[in-house]
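Trainee: One-letter residues, chain by chain:
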Amino acid sequence: MVASELTQYVVTGLLVGGVYALMSIGLALIFGVMRVVNFAQGDFMMLGMYLTYYYAVGLGIDPLLGALFTIPPFFVIGLLVHRAFLARVTGGGDPNREMDAQLILTLGMSLIITNATTMILSPTPRGIRTAYATQAFAVGPLLLNQARSYAFAMALLLAAAVYVFLTRTDLGRALRAAADDPEAASYQAINVRAMHGVAFGVGIALVAAAGGLLATYYPIEPTVAVNFIVLMFVAVVLGGLGSIPGAFVGGIAIGLVQSLTLLVLPLQLQNVGVFVAFLVVLYVRPQGLFGRRARTV
Amino acid sequence: MTSRRWRGWVAIGAVVGLGLVLSFTLTERYHHRVLTLVFLWATMGLAWNIISGYAGQISFGHQAFFGIGAYVTVILAAKFHLTPWLGMLAGAGVAVLAAVLIGMPTFRLAGIYFGLATLAYPLIFRIVMEFLGYQEVAIPMVREQPGLFMQFSDPRHFDLLALAILAATLVLSRLVETSRLGYSLRAIKENEQAAEAMGVDSFRCKMIAYMLSAAPAAVVGAVYAHAILFVVTPDAVFGVLVIVQTLTVCLVGGAGTLWGPLIGAAIMIPVSEILDTTVGDRLPGIQGVVYGAALMAVMMYAPEGLYWRVRNTLLARRAASDEPIRPAPVPAAAGPAAATAPAAPGTVLMDVRGVSKAFLGLQALSDVSFDVREGEILGIIGPNGAGKTTLFNVLNGFLLPEGGDVRWLGKSITGLQPHVICRRGVGRTFQVMRLFPRLTVLENVMVGAFAHGGSPDHARARARTALEMVGLVGRADAVPTGLTTLELRLMELARCLVTSPKLLLLDEPLAGLSAEGVELMSAMIRRARASGATVAIIEHTIQALVKLADRLVVLDQGRRLAEGRPGDVTRNPAVIEAYLGKRWLARHGATHAEDLRA
Numbered sequence: 000m001v002a003s004e005l006t007q008y009v010v011t012g013l014l015v016g017g018v019y020a021l022m023s024i025g026l027a028l029i030f031g032v033m034r035v036v037n038f039a040q041g042d043f044m045m046l047g048m049y050l051t052y053y054y055a056v057g058l059g060i061d062p063l064l065g066a067l068f069t070i071p072p073f074f075v076i077g078l079l080v081h082r083a084f085l086a087r088v089t090g091g092g093d094p095n096r097e098m099d100a101q102l103i104l105t106l107g108m109s110l111i112i113t114n115a116t117t118m119i120l121s122p123t124p125r126g127i128r129t130a131y132a133t134q135a136f137a138v139g140p141l142l143l144n145q146a147r148s149y150a151f152a153m154a155l156l157l158a159a160a161v162y163v164f165l166t167r168t169d170l171g172r173a174l175r176a177a178a179d180d181p182e183a184a185s186y187q188a189i190n191v192r193a194m195h196g197v198a199f200g201v202g203i204a205l206v207a208a209a210g211g212l213l214a215t216y217y218p219i220e221p222t223v224a225v226n227f228i229v230l231m232f233v234a235v236v237l238g239g240l241g242s243i244p245g246a247f248v249g250g251i252a253i254g255l256v257q258s259l260t261l262l263v264l265p266l267q268l269q270n271v272g273v274f275v276a277f278l279v280v281l282y283v284r285p286q287g288l289f290g291r292r293a294r295t296v
Numbered sequence: 000m001t002s003r004r005w006r007g008w009v010a011i012g013a014v015v016g017l018g019l020v021l022s023f024t025l026t027e028r029y030h031h032r033v034l035t036l037v038f039l040w041a042t043m044g045l046a047w048n049i050i051s052g053y054a055g056q057i058s059f060g061h062q063a064f065f066g067i068g069a070y071v072t073v074i075l076a077a078k079f080h081l082t083p084w085l086g087m088l089a090g091a092g093v094a095v096l097a098a099v100l101i102g103m104p105t106f107r108l109a110g111i112y113f114g115l116a117t118l119a120y121p122l123i124f125r126i127v128m129e130f131l132g133y134q135e136v137a138i139p140m141v142r143e144q145p146g147l148f149m150q151f152s153d154p155r156h157f158d159l160l161a162l163a164i165l166a167a168t169l170v171l172s173r174l175v176e177t178s179r180l181g182y183s184l185r186a187i188k189e190n191e192q193a194a195e196a197m198g199v200d201s202f203r204c205k206m207i208a209y210m211l212s213a214a215p216a217a218v219v220g221a222v223y224a225h226a227i228l229f230v231v232t233p234d235a236v237f238g239v240l241v242i243v244q245t246l247t248v249c250l251v252g253g254a255g256t257l258w259g260p261l262i263g264a265a266i267m268i269p270v271s272e273i274l275d276t277t278v279g280d281r282l283p284g285i286q287g288v289v290y291g292a293a294l295m296a297v298m299m300y301a302p303e304g305l306y307w308r309v310r311n312t313l314l315a316r317r318a319a320s321d322e323p324i325r326p327a328p329v330p331a332a333a334g335p336a337a338a339t340a341p342a343a344p345g346t347v348l349m350d351v352r353g354v355s356k357a358f359l360g361l362q363a364l365s366d367v368s369f370d371v372r373e374g375e376i377l378g379i380i381g382p383n384g385a386g387k388t389t390l391f392n393v394l395n396g397f398l399l400p401e402g403g404d405v406r407w408l409g410k411s412i413t414g415l416q417p418h419v420i421c422r423r424g425v426g427r428t429f430q431v432m433r434l435f436p437r438l439t440v441l442e443n444v445m446v447g448a449f450a451h452g453g454s455p456d457h458a459r460a461r462a463r464t465a466l467e468m469v470g471l472v473g474r475a476d477a478v479p480t481g482l483t484t485l486e487l488r489l490m491e492l493a494r495c496l497v498t499s500p501k502l503l504l505l506d507e508p509l510a511g512l513s514a515e516g517v518e519l520m521s522a523m524i525r526r527a528r529a530s531g532a533t534v535a536i537i538e539h540t541i542q543a544l545v546k547l548a549d550r551l552v553v554l555d556q557g558r559r560l561a562e563g564r565p566g567d568v569t570r571n572p573a574v575i576e577a578y579l580g581k582r583w584l585a586r587h588g589a590t591h592a593e594d595l596r597a
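Quick mapping for you: the protein sequence lines, in order, are chains A and B. Per numbering that gives the first Met the number 0: the first sequence = residues 0 to 296. Per numbering that gives the first Met the number 0: the second sequence = residues 0 to 597.
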């Protein structure tokens, strides 16, 4: 009985963690290539949820498919945002700057997106009604919510697609080269600045798709970003800032920690477990589970 | 000098005077509210500025202290009927305690990791407060003693209260700016490792700055609760908008100066309040949009903030009309240049025993042993990647060796912090120069002068003397970015000498210098030795070192290849093979090394 309850919590955590993993990969990709922590990542996720919502109510597209359809527009939005704003200021941990301008820029962007969405679309939460949102697969003694299961499967598929993109395509390899050593990459005729734009576009598109998947079982509201941006930070730091496999594992781990916290703490304190885990990892292993400790003297 | 010193205090007095005038001339209640908010957010910005502006440790979770101040004060009043005048102090005390508990582990993290970790604390406090049932804590109304419970009916009183804490925080900021702590914090922000190597205890300085910045934040939280909120909720005091307003006020005005938050608050708060009252009903998120737009605009067009932008423009205009700075006069000859080594080898100062260090499988140093004797100039040579800089990094405490021991004056210093090793008398310079780019040349050297305590005036005088010694006093007020390589190397030498080192570790001090530069620098090094210091130099230019050094240690692939007098070492076949190459031998002949020395 206790064992099956525990398994239920683990499975629920894994299912949720799959979607966290997908959104965290987007953040890790942006950090890995641009060396910028994107504070607006949660807001692009929120916009992805709304786009999926309007696909569903306006065009009758199933949100699982709608989530995929958020990828092209958000890739373009990411490219444009990079071109219009991020590319124009210094960033990437330039030690000679007063403040990391790109970081603060994304913080400002996040505020504008959240509040402008509240103004335009009203703060009222919305939801997408699907047949599978309220049903569950019964696997032995376990109950698997169908929406979460589908979202999990889609998230894994997309993560696998990202993996193939980064390892098997020229553009993906160029991205990784720009992330590993921008200077050496530029000697190989890789346009590092353009790679930053691509990384931002892909990172935004992934988190928007993750938002679309999340929308199958999570209420959609303008302020939803705050809850998730910190979860993404935690997942990405857990995996080692900038490591993509690390962010994937980190995302899954956050889902598990969140779910298992419920075994010992009441529901309101669910995220305290996540934050404490975050701090513990930072203190014990600031380079993350997958990161390399680099030190230059 | 004195007039400049008083100018800051006079300006603070003028700001407070202006605040008083506004407090007494404004008539509308709403205007007073805006004025109170300007004072409060300016104070909050100043609090944040101490740790994030001066010390450069960006705290994204500073509302933790704001919220602690608000909650402690209000809960003490509601539950124990304690006056908020005392409760506020209790809140500040709890906030300082929280700063210690948060800072202890969190300052182990550098850069963005520190910032991300600070995000977590207010989130945790917020959730815990909700869980403990403090979703809404109303200020208890005490009609019979409104003054004692900070419940003024005259809005002017809140203006004056907020102005008082603003004035106190301005004074605190000014004291920090002009103290030894202020110089140390700015050095940490510019280059933490260089600061450590110059004797700055960076952890301690950051902790003090964090505590100093937590206290005013808590007091602002307490006053904000009484003047504006009346009901304290987790979202209102631990929420994102608190840190956003703090950041915006600071970054728009300019971080790292006490005028920045004042300017930022004077602009941003009225704008956002007016928009909120005029269109806030129809557009509920207008304040967030305004702050977001302000942050984006300032990063796009003036990332250093308005204060610095205006100041730099004015300075540039003034400098353009000024005559160009004359290069420092080269000091006459090397003075009593003791070109000869002391007759008898001195006692052993530093004893390096079997030191090993590896990076990810690459063995940078393996079992390196040698000693440094009092009064000598020891040269450490070796090809690229021989482990020379790694060796210095072990000697001055940047790196912990896996094996072996470094003994200094008979005591082990392995594993000590760089600033401790510096204060014990081991100074160093860097191959890739580590400057504090936004400090003037004089201030750069002052950071070193603080290694043995003393007041800023004392440090300034010592730094000036050191600059005179290296002939750089004409550049004292320039920023290092405009200096030549020779001038920068001389500045680093002065910064190192002013820490009063018994041993100088000089990492390629001759690199990138012209022939005259090499002569001048060599003269400086001899002079430092003549005045009692011992010197260890890493160098590539073997010729200069053969002339300069009394003894050579040769490193190759992390191992000590040879040690001895330059003439002997340059004749050593293993050294010729590894470092000089056979062609050198063929061309110059072994005896030539002796000629070079003569």
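Quick caveat, the hints were computed from the structure, so don't treat them as lab data. A portion of the hints provided could be inaccurate.
[Stated by the list, open to error] Covered stretches of chain B (chain A as the covering partner; in silico rule of three or more C-beta atoms under 8 Å from a C-beta of chain A):
#1 75-85
#2 482-494
[Said to hold, decoys possible] Label-pair ranges, simulated between beta-carbon atoms:
#3 Pro265/A x Leu17/B: 45 to 55 Å
#4 Val275/A x Phe229/B: 31 to 41 Å
#5 Val478/B x Glu182/A: 23 to 33 Å
#6 Leu359/B x Tyr162/A: 23 to 33 Å
#7 Arg87/A x Gly473/B: 53 to 63 Å
[To be verified] Pulled from the structure, derived: some chain B residues nowhere near chain A, Cβ distances all over 12 Å:
#8 Ala89
#9 Tyr290
#10 Gly291
#11 Ala292
#12 Ala293
#13 Leu294
#14 Pro302
#15 Glu303
#16 Gln362
#17 Gly473
#18 Asp555
Glycine included, every Cβ here is placed at the ideal spot set by N, Cα and C.
Trainee: Next step is simple, just say for each hint if it's right about the structure.
Mentor: Quick rundown of the hints versus the structure:
1. Coverage of a stretch by a chain is defined here by at least three residues with a beta carbon nearer than 8 Å to that chain's beta carbons; for the segment 75-85 of chain B and chain A the count is 0, and the condition is violated.
2. Coverage of a stretch by a chain is defined here by at least three residues with a beta carbon nearer than 8 Å to that chain's beta carbons; for the segment 482-494 of chain B and chain A the count is 0, and the condition is violated.
3. The beta-carbon spacing between Pro265/A and Leu17/B, approximately 51 Å, falls within the hinted interval of 45 to 55 Å.
4. At about 33 Å, the CB distance of Val275/A to Phe229/B agrees with the hint of 31 to 41 Å.
5. For Val478/B and Glu182/A, the hinted distance range of 23 to 33 Å is satisfied, since their beta carbons lie about 27 Å from each other.
6. Distance hint check: the CB atoms of Leu359/B and Tyr162/A are about 25 Å apart, consistent with the given range 23 to 33 Å.
7. Remark: the range hint 53 to 63 Å for Arg87/A to Gly473/B is contradicted by a beta-carbon distance near 39 Å.
8. Consistency note on Ala89/B: stated as away from chain A, and its beta-carbon is indeed over 12 Å from all of that chain's, at 25 Å minimum.
9. Here Tyr290/B does not stay apart from chain A, with its beta-carbon only about 6 Å from theirs, under the 12 Å limit.
10. Here Gly291/B does not stay apart from chain A, with its beta-carbon only about 3 Å from theirs, under the 12 Å limit.
11. Distance to chain A contradicts Ala292/B as a non-interface residue, since its nearest Cβ pair spans about 6 Å, not more than 12 Å.
12. Listed as outside the interface, Ala293/B is inconsistent with that label: its C-beta sits roughly 7 Å from the nearest C-beta of chain A, within the 12 Å cut-off.
13. In this structure Leu294/B is not separated from chain A by more than 12 Å, as the shortest Cβ-Cβ distance comes to only about 3 Å.
14. Non-interface call for Pro302/B relative to chain A: violated, since the shortest CB-CB distance, roughly 5 Å, does not exceed 12 Å.
15. Glu303/B, annotated as away from the interface, has a beta carbon of chain A within 12 Å; the closest lies near 5 Å.
16. Distance check on Gln362/B: its Cβ is at least 16 Å (rounded) from any Cβ of chain A, clearing the 12 Å threshold; non-interface status holds.
17. The Cβ of Gly473/B lies farther than 12 Å from every Cβ of chain A, with a closest approach of about 25 Å, so its non-interface assignment holds.
18. The beta carbon of Asp555/B is kept farther than 12 Å from every beta carbon of chain A, the shortest such distance being approximately 21 Å.
In summary, the structure is inconsistent with hints 1, 2, 7, 9, 10, 11, 12, 13, 14, 15 from the numbered list given earlier, while agreeing with the others.
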